[in-house]
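A.B. asks: Assemble the complex: chain A is given as a structure, and chain B must be docked to it using the hints.
Number of protein chains: 2
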Amino acid sequence: MGGHSKCNVIIADMNDPNFAPAAPSSTPQVAPPGPRHTVYFVSDGTGITAETFGNSILSQFAIKPRHVRRPFIDSTDKAHQVVREINHTAEVEGRRPVVFVTLVNPEILAVVKEHSRGLVMDMFNTFIEPLEAEFGITSNHRIGRFSDVSESKEYSDRIESISFALAHDDGQSTRSLAAADVILVGVSRSGKTPTSLYLAMQHGVKAANYPLIPEDFERARIPGSLVPFKAKCFGLTIDPDRLARIRNERRPNSKYASIENCRWEVKQGETMMKKEGIAWLSSTHKSIEEIATTILRDLRPDRLMY
Amino acid sequence: MGGHSKCNVIIADMNDPNFAPAAPSSTPQVAPPGPRHTVYFVSDGTGITAETFGNSILSQFAIKPRHVRRPFIDSTDKAHQVVREINHTAEVEGRRPVVFVTLVNPEILAVVKEHSRGLVMDMFNTFIEPLEAEFGITSNHRIGRFSDVSESKEYSDRIESISFALAHDDGQSTRSLAAADVILVGVSRSGKTPTSLYLAMQHGVKAANYPLIPEDFERARIPGSLVPFKAKCFGLTIDPDRLARIRNERRPNSKYASIENCRWEVKQGETMMKKEGIAWLSSTHKSIEEIATTILRDLRPDRLMY
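The listed protein sequences derive, respectively, from chains A and B. First residue of the first sequence: 4, per the numbering used here; consecutive thereafter. First residue of the second sequence: 4, per the numbering used here; consecutive thereafter.
Any given hint might turn out to be false.
[To be verified] For lysine-lysine, the following DSS-like pairs were computed, each having C-alpha atoms within a straight-line distance of at most 27 Å:
hint	chain 1	residue 1	chain 2	residue 2
1	B	LYS156	A	LYS67
2	B	LYS235	A	LYS81
3	A	LYS156	B	LYS67
4	A	LYS233	A	LYS277
5	B	LYS270	B	LYS233
6	B	LYS278	B	LYS233
7	A	LYS270	A	LYS258
8	A	LYS278	A	LYS235
9	B	LYS81	A	LYS235
10	B	LYS235	B	LYS270
11	A	LYS235	A	LYS156
12	B	LYS277	B	LYS258
[Stated by the list, open to error] Not close to chain B: a few residues of chain A, all C-beta gaps over 12 Å, as computed:
hint	residue
13	PHE220
14	LYS235
15	ILE262
Keep in mind the hints are simulated off the structure, nothing from the lab. Quick caveat, the model's predicted, so the values are computed rather than measured. Backbone N, C-alpha and C define an ideal beta-carbon position, used for all residues, glycine too.
Pulled out of the complex, with its shape left as it was, chain A reads as follows (with noise of 0.2 Å):
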């Protein structure tokens, strides 16, 4: 099984035919004077998905607006007070906020919609009719997807999960690896804490670390108590300056953080899940999300589909 060392995330190179931006190319790429945008989440629920989702259309812009998110807004009360407060900014800054919304009570989006100097994003109503009309039911306009969440399988499965990864963080414990859905391993500082965290969290999956260190190389094995389970491991690897610079925040001036002993670390490392034939990938210029993301469709592609 080979490495997953390269980047699988693209930067478009801004000269490639397949990137050229929609509009002539004589428009200007780079925001005009005057103050920062402002940019609202307005939100019956916790908003999150309204910031997620418009964060990752601004990614598109080559501008940092400000951004404000406004959750709980489940009455026509509070609409009235968000939409005081935008029309406020629409003021003071000279121009009208983008206002993201997830509301679903047609009442309160109408205050927004009607009363807001804002640019009202609609997020949720300009998906929803076609898919009335597709799946033949009406969407119940219910409010806070979360609601009864808390009481749900898939949740109970999340908190145990996070139970999990923190029994098993570090190598601290090696009984029930047999239940662990994924074993991360790796050098010190590789990612492998926040990576598990994010695996139980995302997706409730069972996610234990461990890490390489100086005595399985020197015996150039991995530990005996993950032999059984070497279908779940993943390795994650890092570059050798990045990895110096991590640890040298925790231990300056160690031999732990030298870039000599990074160096060799990582090779070692690298070498042992080659030989061991552990899948892996370099977490230097990737997110948790990323590597989670990378993780499940390499080994639990089933956790992709439900």
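C.D. replies: Okay, now just chain B, sitting in the frame of chain A:
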């Protein structure tokens, strides 16, 4: 300062005129018979944005579709592969799948739009155009919003906050409580650990958590180490029956898990939080996301604006 025990999430009453469905009420509210719908989430990145957003729209319908996430679709070849899969599903199931896409490259998007037999919901471009007009700049059609995030300040804050949450879990350390943004208090198993980790991972907020234990109740005072930091404490409480159920999974038939003890601890905990003027909420019917958002709104509204 009052408690926050009332639930912020409102489940709409179907008889409430505010929540009347958009279509005539004669429309059936249950899915028509037949195989389950399949929903695809196709993205050039992790697909998490597509899935988060798609899920929150799908939660408006009384159906439970099968989910298939297809991340890292960053070439037309991969797009054709997904299209074949979608079309196969359409054929086998006798109806077209719903396909939520976040694809910024127009060529890759065109493959899915033109060749797939699914109902394609193009989440990106719907909103990009009005924003290009608003901002007066073209979008950069760049794949992978996380791509250089791993070098950003925001990202290193998240990683550092995760370490902080782990080091300050369950009252393990009272060192550097001064550096905490939030200190969660509450009886054992009231949801403090997952909430601390979520605050770190999602918001880069440093959250310590501190259990309230029988000795604290006997002294009728919060732990001395918390006294200087009362203003950044936030309490979690929980329904005693729910707590007993959760604790019984851990330590069956123990005094710790008994309903009498749970009732006593919860009552003592709530009394103490009231007396000390610590804001609190009940985690019983709330998701981690909702708890975290409520805490930020009440304690650190600055963290909802940046």
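A.B. asks: Look at each hint and say if it fits the structure.
C.D. replies: Against the structure, the hints come out as follows:
no., hint, result
1, B:LYS156 to A:LYS67, "holds, 14 Å"
2, B:LYS235 to A:LYS81, "holds, 26 Å"
3, A:LYS156 to B:LYS67, "holds, 14 Å"
4, A:LYS233 to A:LYS277, "holds, 12 Å"
5, B:LYS270 to B:LYS233, "holds, 20 Å"
6, B:LYS278 to B:LYS233, "holds, 12 Å"
7, A:LYS270 to A:LYS258, "holds, 16 Å"
8, A:LYS278 to A:LYS235, "holds, 16 Å"
9, B:LYS81 to A:LYS235, "holds, 26 Å"
10, B:LYS235 to B:LYS270, "holds, 22 Å"
11, A:LYS235 to A:LYS156, "holds, 24 Å"
12, B:LYS277 to B:LYS258, "holds, 26 Å"
13, PHE220, "holds, 25 Å"
14, LYS235, "holds, 20 Å"
15, ILE262, "holds, 18 Å"
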